[in-house]
Amino acid sequence: MAEPTPSDRSTALKAVQEQVLEAVDAGTTVEITGGCTKGRLGRRETGAKRLDVSGLDQLISYEPGELVLVVQPGMRLAAVEELLSGENQHLAFEPPQWGDGATVGGTVACGLSGPRRFKAGAARDFVLGIELIDGCGQRIRAGGRVVKNVTGYDLSRALTGSFGTLGVLTEICLKLWPRPETQATLVVDGCGRADALALMLEWAALPLEITGLAYLPEDGSTSGRLMARIEGPGAAVAEQMRSLAEGTTGAASTLEESESAHVWKQLRELELLQPNADEQLWRFSLAPAQALLLVGQLEAHDLRRYCLDWGGGQVWALFPARVPPATLHRAALRLAATAWRFARGPEDANDEAFTPLSPGVHRLNQRLKRAMDPKGVFSPGRMYRPS
Amino acid sequence: MQLPAPRQERLQRREELVRRLIELLDDPDQVIHRPEDLVVYECDALSAYRQQPMAVILASSAEQVSGVVRLCGEIDIPIVPWGAGTGLSGGALPLGDGVVISLARMSRILDIDLENRAVTVEAGVTNLAITRAVEDRGFYYAPDPSSQLACTIGGNIAENSGGVHCLKYGTTTNNVLGIQIVLSDGEVVDLGGKSMDQGGYDLLALMTGSEGLLGIITRATVRILRKPQSARAIMAVFNSVESAGQAVSDIIASGVVPSGMEIMDRLAIEAVEDFLGCGYPRDVEALLLVELDGAAAEVEVRIGTVEALLRQAGATELRRADTDQERQTLWAGRKAAFPAMGRIAPDYYCMDGTIPRGRLPEVLRYIQGLSERFGLRVANVFHAGDGNLHPLILYDSNAPGQLEKAESFGAEILKFCVGVGGVLSGEHGIGVEKRDLMPCMFTDADLDTQERVKSAFDPGQLLNPGKVFPLLRRCIPGGSMHVHAGELPFPGLERF
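If you're matching them up, the sequences are chains A and B in order.
In short: position in the first sequence from 1, add 5, done, that's the numbering used here.
In short: position in the second sequence from 1, add 46, done, that's the numbering used here.
Quick caveat, the hints were computed from the structure, so don't treat them as lab data.
Hints are not guaranteed to be accurate.
Said to hold, decoys possible - Sample of chain B residues lacking proximity to chain A, with all beta carbon distances greater than 12 Å (derived):
| no. | residue |
| --- | --- |
| 1 | P52 |
| 2 | L422 |
| 3 | E458 |
Said to hold, decoys possible - Pairs of lysine to any residue, SDA-like flavour, derived with a Cα cap of 25 Å:
| no. | chain 1 | residue 1 | chain 2 | residue 2 |
| --- | --- | --- | --- | --- |
| 4 | A | K124 | B | D157 |
| 5 | A | K124 | B | L493 |
| 6 | A | K19 | B | L493 |
| 7 | A | K124 | B | H211 |
| 8 | B | K461 | A | G70 |
| 9 | B | K214 | A | A266 |
| 10 | B | K214 | A | R184 |
Every residue, glycine too, gets a C-beta built ideally from N, C-alpha and C.
Bound conformation, chain B alone:
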């Protein structure tokens, strides 16, 4: 994987850049430029790729972001926007001849409007902080990426983050009402607001998931929901992953939309049980977790339907969680799946494709075949309700050739996902990680159109260049989330 080569003429401007940035901002502490201080910013959570920027700006207002963007435009310096650096696709990987604009200091909650069910925050507010700000009044913000304790709303919007409840509640794009952005020429523009429509084109949708290539998000108004009256979960044990997958389709076809459906395969279950001892049954092929939420009266009716369908689909055991605590216990194992992998293999490599649900058995068989072909074990955990797979390829980076094998394995999985009608990324984004696989999914004409949109917003190509679009348009494997010895880039965060 290559990044655009740092340009000498930009590197030579480092002193001028730092001097002018310090002049521009009120406080010299807002400009980080010493190599020893820049270490923190050399990678996001895709830590296999690292690069120090020339400087990092800790912006405290949209005006400052605008000022920095104008300055960078004037002296031709590329910019990488940065929230919390928890992204898994290298979307915030710095450029050696660029600056990073961190939004982390812009962490004020500006307005809580319960009447309109809207909360307005600065871009650096964390996902979970939004829920924390309104939960005492019975509300929450629905998208729940596993890094929600640390990741920022600005980053969530840039990557269109998901979570475990997307089938029912949508991803970030379905939960944002308005944003303020700084454009590549420094202009500050507000899109949307508290109404359910915006005038003109749906630029809010275009900006969401644009991975920092079209503008820098400085503020957001998000939709909040009332906490459901009732939330219940059932765990079902199956003799094969295929029958668990079938149960998922049966439930959806029956007219029930669970808030979450998660499948784990044998290797994942065993690893989790070894790691946590959370009481999952051993020696079984698959577990399916189904969570229902909503009005109490409705959940009561639906849970019976779901139980019957699970039995019909061949579940050999059902465990029902009627209290919140029992429900958390059922979830605990699923949420420990990633760290548990660190115990059974020196390294693992996490993929993020989405497929049509019905193709699940076929995709799993293919992954199993690849596992045998590459001689690497793979554990499967996935958001089955929305078809988002997270195969975890186990390998040992100290064994010669295994890393390359794991990467080829991963690329083969993603290509197969696209082949069955799926996509390269469900929730981690393309970033640098899957950039070179884009031609597997899109034609030259598709990518040309997208790049024309990019140029329309950023004619100077200064916003996060080198991300999303392949430098060469051939379908070649990229990297992915590699974890060595269980050392996650953000060890304190859940990953699921």
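Just chain A, with the same shape it has in the complex:
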């Protein structure tokens, strides 16, 4: 297959730009899609036309020595990971895929980060620059291709996690990181939740290369399990594992390389907490030390199962489908947490999916939206119900 030329790229880009301009002229709305693996997030618009950017899937440049990658948004996450692993590099924010078609654009648009986030930073910390088509149909650029940059407003990060409501990403520059040589996970079984959280808070602050901290509570078949991942050169990992294990009293064991990689992939891909047909999946983000206060409150609302990630800073939870979202958002707000409800299907796509913002922050969000997308072309109701 021939390599696409810059002119092919510009043809594909022009087609996307034309669709935006058509919507601007017609006063209609568009919903940007790529690999269609993140549809459970946010609200769904009825009547929005699909703007498929999966065809914008080219690698623009990869310079391993610069730790910088530039791609079009439709490039598959799996293809990127494979490319990078050839140079012993990776996306340190460990983005989840949640399906085979996952793209870089969708990952950045949803601002998704995996278990390493509490140590390495979030998706937004790795986005150095973007090109986009704004709501006026103009192609614009923000940020750059370097780590240190104070040149204009940081729209690159502001668009990360904006769920396609501020513009169409057409090019994304990401900071890369060397892939750690090895990994291992210390597992402590039979760990009660209070002990587990206390240990996670303590370990998260240790000057060690701990890059994963999660807790799976007792659940019929398993007793409570605390997991801590350490990454780096083999000798250094072994040494740190020893020092960590010394500080634990429960039944500690070690998962080596591939087993360790497997368990964190399971957590990242939500395989450890899959909802049944009558259940809804939620994700809460909060100050790590508050994790069990939140869990306690959620238990009053029929919490079925949960697990803690990010050293307590992220709580995944399952509830019966009948629990109204507003109830759980209120529980989140009481602890200054923010929550995402994953849609089960079209029947609940209209519910409030994200925890409502304070009135002041909501107004600022609306102002930014109007600045970037004055006519409201891009999925106006994807994040919050339009007021």
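Dock chain B against the given chain A, drawing on the hints supplied.
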């Protein structure tokens, strides 16, 4: 470089303004308005540009800031937020028909939360004071701009300040969890908090590095880190700056991320050695300082890798610092580079561009060529790990035409940085200094979008007008950090 011309109708309101400010605040000492008292506030650390504001407010709470902002909105007076005035790009340069709101009195540490690894402070707390507040418990705040002894966290956030450890630890934007801001209509809003995400758009990122144009930061919650178990440094001597640059790329490509990598060229090394006598080798072309930190076991492994790579890249001599004291000694010369320049030339002019690391040799050759073309010497010190250059152009402001030559030289460097895929500013901000170079990097459409964001937050254009955006959209040279006879605007501060 022009600032918006002071408007007569605003200047005529000076008495009313001062009277109402005094009414508004509890204590008349919080309003500075006599010309002799305003002298202190006529410039920030970009002292080539000076202008006295009509008044300076020493605010002591977000409510006061809000009250002043509302008053200024009512009588149409522009506002310049002010932290410590250590900025190098003129971001806090006052406006002749405006007020300065100083946050310096808001210097309380409000909350130290070790469990959540977060510290909440008022905006006027200095960068270093955050580390001082938690270091006895083994923690620190990572971004370390060279002015950290004096600069405030509010100013750091407004300028997205960097330091020498950005490759590994990021800049300010990667280390702030939440802020409180006063908007242009006086509303006080909290963004983020102690969690790792915020709801809605990432307004925290938008505010960080917005140079006081979108809101006034009154409080911040920052992430703190545990001090690394181990920190070690190596100094390597090279026969050319190019091979030092190559070593930097080799180290990164090998999978090691040092906490700091700094290069100095021959002129900088000689000047430092004359100034400090810190034991750097003389008669060499380049020095590369590499610092590694982290878990002791990991640093132990990595330092061997780095040594081997430095040798392979052609280092003619290696010096390894195994103790903290030896490490400080290696750093001492690098940290003295700016003051040392004051000894070898009457004036110098400091630039701040960032480039992709791999373009370093090419950019240095270009700078050397410009040096010959303009007939001015240039010393190079740079944060090589993150590609942030600080070329120091040496000149004599008493020699006719040299200042203009130095400015043209500087502008040419920055344009070349943009040309190779870099940016105009790595850590000093655009301010007024590089404002008129923005069109070299951004199209009209790019700048239109940014200005729409500005208008969305500040429809009356009262927050720090005249900064960041060019008044005319042509690519013309601006000023920069000029230092005469070694007289730095803040002589007590390190500059690196």
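> Should the label of B:E458 as a non-interface residue stand, given a Cβ cut-off of 12 Å to chain A?
Replying inline: holds, 17 Å
> B:K461 and A:G70: Cα distance at most 25 Å?
Replying inline: holds, 23 Å
>> Hint check: A:K19 vs B:L493, CA-CA at most 25 Å. Holds or violated?
In response: holds, 21 Å
>> Run the distance test for A:K124 versus B:D157: straight-line Cα separation, threshold 25 Å.
In response: holds, 22 Å
> Given the hinted pair B:K214 and A:A266, is their alpha-carbon gap at most 25 Å?
Replying inline: Holds - the C-alpha atoms of A:A266 and B:K214 are around 24 Å apart, at most 25 Å.
> Has the given pair, A:K124 with B:L493, been kept, meaning a C-alpha gap of at most 25 Å?
Replying inline: Roughly 35 Å separates the two Cα atoms, so the pair is violated.
>> According to the definition I'm using, a residue is off the interface if its beta carbon is farther than 12 Å from all beta carbons of the partner; does B:L422 meet that for chain A?
In response: holds, 25 Å
> Is the Cβ of B:P52 more than 12 Å away from each Cβ in chain A?
Replying inline: The assertion about B:P52 holds, with a minimum of 26 Å to chain A.
>> Check the hint pairing B:K214 with A:R184 against an upper bound of 25 Å on the C-alpha distance.
In response: Distance of about 14 Å is within 25 Å: holds.
>> Just to be careful, I want the Cα atoms of A:K124 and B:H211 compared with a cutoff of 25 Å; is the pair within it?
In response: Holds, because 16 Å separates the two Cα atoms, which is no more than 25 Å.
Checked against the numbered hints given earlier, the structure breaks only hint 5 and satisfies all the rest.
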